[in-house]
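Going by the numbering used here, the residue at position 161 of the sequence shown is 209; the numbering climbs one at a time, nothing skipped.
By construction, these hints were calculated from the structure, which means they are not laboratory data. Take these hints with a grain of salt, some might be off.
Claimed, not checked - Dumping the calculated BS3-like pairs for lysine-lysine here, alpha-carbon to alpha-carbon at most 25 Å: (1) Lys-201 - Lys-185; (2) Lys-187 - Lys-201; (3) Lys-195 - Lys-185; (4) Lys-173 - Lys-195.
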Amino acid sequence: VNGILQVPVTGVLLHRFPYQMGRYATGYTYIERAIRRGLDDPEVRGIALVCDSPGGEVAGCFELADYIHSKLGEKAIRAYAADHAYSAAYALASSAQTLTVTRSGGVGSVGVLTAHVEYSGALEKMGISITLIYAGKHKVDGNPYEKLPDSVKSRIQDRIDRIYGQFTSLVARNRDMEDAAVRATEALTYDAQEAISVGFADRVGEVEDEM
49 VNGILQVPVT GVLLHRFPYQ MGRYATGYTY IERAIRRGLD DPEVRGIALV
99 CDSPGGEVAG CFELADYIHS KLGEKAIRAY AADHAYSAAY ALASSAQTLT
149 VTRSGGVGSV GVLTAHVEYS GALEKMGISI TLIYAGKHKV DGNPYEKLPD
199 SVKSRIQDRI DRIYGQFTSL VARNRDMEDA AVRATEALTY DAQEAISVGF
249 ADRVGEVEDE M
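Sequences are here, hints too, so could you generate the full structure?
Written out as C-alpha coordinates, the structure is:
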(Lines of atoms letter the chains of each structure in order from A and count residues from 1; the text may use other names and numbers.)
(Lines give C-alpha, C1' and ligand atoms only; values in the text may rest on other atoms or scores of the structure.)
Protein backbone atom coordinates (compact mmCIF):
# COMPACT_ATOMS: atom_id res chain seq x y z
CA VAL A 1 0.00 0.00 0.00
CA ASN A 2 1.71 3.20 -1.27
CA GLY A 3 5.08 1.47 -1.19
CA ILE A 4 4.60 0.02 2.31
CA LEU A 5 4.61 -3.76 2.61
CA GLN A 6 2.19 -4.75 5.35
CA VAL A 7 3.22 -7.99 7.06
CA PRO A 8 0.55 -9.54 9.31
CA VAL A 9 1.69 -10.80 12.71
CA THR A 10 -1.63 -12.19 13.87
CA GLY A 11 -2.98 -15.07 15.91
CA VAL A 12 -0.72 -17.64 17.52
CA LEU A 13 2.89 -17.39 16.31
CA LEU A 14 4.41 -20.71 15.25
CA HIS A 15 7.94 -21.96 14.63
CA ARG A 16 8.81 -23.39 11.19
CA PHE A 17 5.38 -22.54 9.87
CA PRO A 18 5.54 -20.90 6.42
CA TYR A 19 1.92 -19.77 6.28
CA GLN A 20 -0.41 -17.02 7.47
CA MET A 21 -3.92 -18.08 8.46
CA GLY A 22 -5.95 -14.93 8.97
CA ARG A 23 -6.56 -14.09 12.62
CA TYR A 24 -5.65 -17.59 13.78
CA ALA A 25 -1.95 -18.20 13.20
CA THR A 26 1.18 -16.82 11.59
CA GLY A 27 4.49 -18.59 11.09
CA TYR A 28 7.86 -17.10 11.95
CA THR A 29 9.08 -18.49 8.63
CA TYR A 30 6.29 -16.63 6.83
CA ILE A 31 7.20 -13.34 8.53
CA GLU A 32 10.91 -13.67 7.74
CA ARG A 33 10.26 -14.53 4.10
CA ALA A 34 7.87 -11.60 3.76
CA ILE A 35 10.44 -9.20 5.20
CA ARG A 36 13.13 -10.58 2.88
CA ARG A 37 10.87 -10.01 -0.11
CA GLY A 38 10.20 -6.46 1.02
CA LEU A 39 13.88 -5.71 1.47
CA ASP A 40 14.69 -7.07 -2.00
CA ASP A 41 11.82 -5.32 -3.78
CA PRO A 42 12.87 -1.86 -5.06
CA GLU A 43 9.23 -0.75 -5.11
CA VAL A 44 8.92 -1.29 -1.35
CA ARG A 45 10.09 1.76 0.61
CA GLY A 46 9.14 0.47 4.04
CA ILE A 47 7.81 -2.51 5.96
CA ALA A 48 4.98 -2.48 8.51
CA LEU A 49 4.57 -5.30 11.02
CA VAL A 50 0.84 -5.20 11.73
CA CYS A 51 0.36 -7.09 14.99
CA ASP A 52 -2.71 -8.53 16.64
CA SER A 53 -1.43 -11.53 18.54
CA PRO A 54 -1.39 -13.03 22.05
CA GLY A 55 2.09 -14.45 21.42
CA GLY A 56 3.40 -17.84 20.48
CA GLU A 57 6.24 -20.30 20.63
CA VAL A 58 9.64 -19.49 22.08
CA ALA A 59 11.46 -21.54 19.45
CA GLY A 60 12.24 -19.29 16.52
CA CYS A 61 11.00 -16.10 18.14
CA PHE A 62 14.24 -14.55 19.36
CA GLU A 63 16.04 -15.50 16.15
CA LEU A 64 13.42 -13.68 14.10
CA ALA A 65 13.53 -10.68 16.44
CA ASP A 66 17.31 -10.50 15.98
CA TYR A 67 16.88 -10.74 12.21
CA ILE A 68 14.39 -7.85 12.19
CA HIS A 69 16.68 -5.75 14.39
CA SER A 70 19.65 -6.45 12.10
CA LYS A 71 17.79 -5.12 9.04
CA LEU A 72 16.68 -1.77 10.47
CA GLY A 73 19.38 0.10 8.56
CA GLU A 74 18.30 -1.21 5.14
CA LYS A 75 14.70 0.05 5.03
CA ALA A 76 12.23 1.52 7.46
CA ILE A 77 10.65 -1.28 9.52
CA ARG A 78 7.89 -0.12 11.84
CA ALA A 79 5.54 -2.05 14.08
CA TYR A 80 1.87 -1.42 14.81
CA ALA A 81 -0.06 -3.03 17.63
CA ALA A 82 -3.43 -3.11 15.91
CA ASP A 83 -4.62 -3.97 18.29
CA HIS A 84 -2.43 -6.20 20.48
CA ALA A 85 1.19 -7.33 20.59
CA TYR A 86 1.80 -9.54 23.59
CA SER A 87 4.62 -11.87 24.60
CA ALA A 88 6.30 -13.30 21.46
CA ALA A 89 4.47 -10.76 19.29
CA TYR A 90 5.88 -7.99 21.46
CA ALA A 91 9.38 -9.44 21.06
CA LEU A 92 9.00 -8.98 17.30
CA ALA A 93 7.26 -5.59 17.49
CA SER A 94 9.88 -4.21 19.87
CA SER A 95 12.56 -5.05 17.30
CA ALA A 96 11.21 -2.50 14.82
CA GLN A 97 12.33 1.12 14.63
CA THR A 98 9.10 2.41 16.15
CA LEU A 99 6.05 0.87 17.77
CA THR A 100 2.64 2.49 17.45
CA VAL A 101 -0.36 1.27 19.45
CA THR A 102 -4.01 1.88 18.62
CA ARG A 103 -6.07 3.65 21.28
CA SER A 104 -7.83 0.42 22.22
CA GLY A 105 -4.72 -1.72 21.85
CA GLY A 106 -2.11 -3.08 24.22
CA VAL A 107 1.41 -4.49 24.42
CA GLY A 108 3.68 -6.24 26.89
CA SER A 109 3.52 -9.58 28.67
CA VAL A 110 7.29 -9.95 28.67
CA GLY A 111 7.35 -13.30 30.39
CA VAL A 112 7.65 -17.03 29.75
CA LEU A 113 5.14 -19.79 30.40
CA THR A 114 5.12 -23.55 30.28
CA ALA A 115 2.76 -26.05 31.87
CA HIS A 116 2.85 -29.59 33.20
CA VAL A 117 -0.34 -31.62 33.08
CA GLU A 118 -0.66 -34.69 35.30
CA TYR A 119 -3.38 -37.29 34.69
CA SER A 120 -2.57 -39.86 37.34
CA GLY A 121 -5.67 -39.15 39.45
CA ALA A 122 -8.03 -39.28 36.47
CA LEU A 123 -6.42 -42.45 35.16
CA GLU A 124 -6.74 -44.12 38.57
CA LYS A 125 -10.46 -43.32 38.66
CA MET A 126 -10.85 -44.89 35.23
CA GLY A 127 -8.94 -48.00 36.28
CA ILE A 128 -6.07 -47.28 33.93
CA SER A 129 -2.47 -47.92 34.98
CA ILE A 130 0.49 -46.68 32.93
CA THR A 131 3.84 -48.47 33.16
CA LEU A 132 6.79 -46.55 31.75
CA ILE A 133 9.67 -48.73 30.56
CA TYR A 134 12.76 -46.70 29.80
CA ALA A 135 16.54 -46.34 29.96
CA GLY A 136 18.21 -43.21 31.29
CA LYS A 137 16.77 -41.92 34.56
CA HIS A 138 15.74 -38.57 33.08
CA LYS A 139 14.06 -39.99 29.98
CA VAL A 140 10.56 -39.70 31.44
CA ASP A 141 11.05 -36.43 33.35
CA GLY A 142 7.87 -34.39 33.14
CA ASN A 143 5.68 -37.19 31.83
CA PRO A 144 1.93 -36.64 32.35
CA TYR A 145 1.26 -39.96 34.13
CA GLU A 146 3.12 -39.19 37.36
CA LYS A 147 3.29 -36.29 39.78
CA LEU A 148 6.04 -33.83 38.89
CA PRO A 149 9.03 -34.36 41.23
CA ASP A 150 10.48 -31.23 42.83
CA SER A 151 13.87 -31.87 41.23
CA VAL A 152 12.34 -31.97 37.75
CA LYS A 153 10.24 -28.88 38.44
CA SER A 154 13.39 -27.07 39.57
CA ARG A 155 15.21 -27.91 36.33
CA ILE A 156 12.25 -26.72 34.27
CA GLN A 157 12.13 -23.50 36.29
CA ASP A 158 15.85 -22.94 35.68
CA ARG A 159 15.26 -23.27 31.93
CA ILE A 160 12.30 -20.87 32.07
CA ASP A 161 14.41 -18.36 34.00
CA ARG A 162 17.16 -18.49 31.36
CA ILE A 163 14.67 -17.94 28.53
CA TYR A 164 13.12 -15.10 30.51
CA GLY A 165 16.54 -13.47 30.82
CA GLN A 166 17.03 -13.70 27.06
CA PHE A 167 13.60 -12.14 26.52
CA THR A 168 14.12 -9.21 28.89
CA SER A 169 17.59 -8.46 27.50
CA LEU A 170 16.22 -8.55 23.94
CA VAL A 171 13.47 -6.06 24.80
CA ALA A 172 15.94 -3.89 26.72
CA ARG A 173 18.19 -3.73 23.65
CA ASN A 174 15.33 -3.07 21.26
CA ARG A 175 13.68 -0.36 23.35
CA ASP A 176 16.89 1.17 24.72
CA MET A 177 15.89 0.34 28.29
CA GLU A 178 17.65 -1.10 31.30
CA ASP A 179 17.13 -4.83 31.75
CA ALA A 180 16.00 -4.20 35.33
CA ALA A 181 13.26 -1.88 34.06
CA VAL A 182 11.95 -4.56 31.71
CA ARG A 183 12.04 -7.18 34.46
CA ALA A 184 10.20 -4.79 36.77
CA THR A 185 7.15 -5.01 34.53
CA GLU A 186 6.74 -8.62 35.75
CA ALA A 187 5.01 -9.61 32.48
CA LEU A 188 2.26 -7.01 32.88
CA THR A 189 0.24 -5.97 29.84
CA TYR A 190 -0.25 -2.27 29.13
CA ASP A 191 -2.78 -0.18 27.27
CA ALA A 192 -1.55 2.41 24.80
CA GLN A 193 -0.85 5.29 27.19
CA GLU A 194 0.66 3.03 29.83
CA ALA A 195 2.91 1.43 27.23
CA ILE A 196 4.33 4.82 26.28
CA SER A 197 4.91 5.77 29.91
CA VAL A 198 6.95 2.62 30.66
CA GLY A 199 8.90 2.82 27.39
CA PHE A 200 7.25 -0.10 25.61
CA ALA A 201 5.76 2.00 22.76
CA ASP A 202 6.39 5.28 20.99
CA ARG A 203 2.98 6.71 20.19
CA VAL A 204 -0.74 6.14 19.86
CA GLY A 205 -2.18 6.03 16.37
CA GLU A 206 -4.05 4.14 13.68
CA VAL A 207 -2.22 2.03 11.13
CA GLU A 208 -3.79 3.82 8.16
CA ASP A 209 -2.81 7.25 9.48
CA GLU A 210 0.73 6.30 10.46
CA MET A 211 1.73 4.84 7.10
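Would you list, in rising numerical order, the hints stated earlier that this structure does not obey?
none
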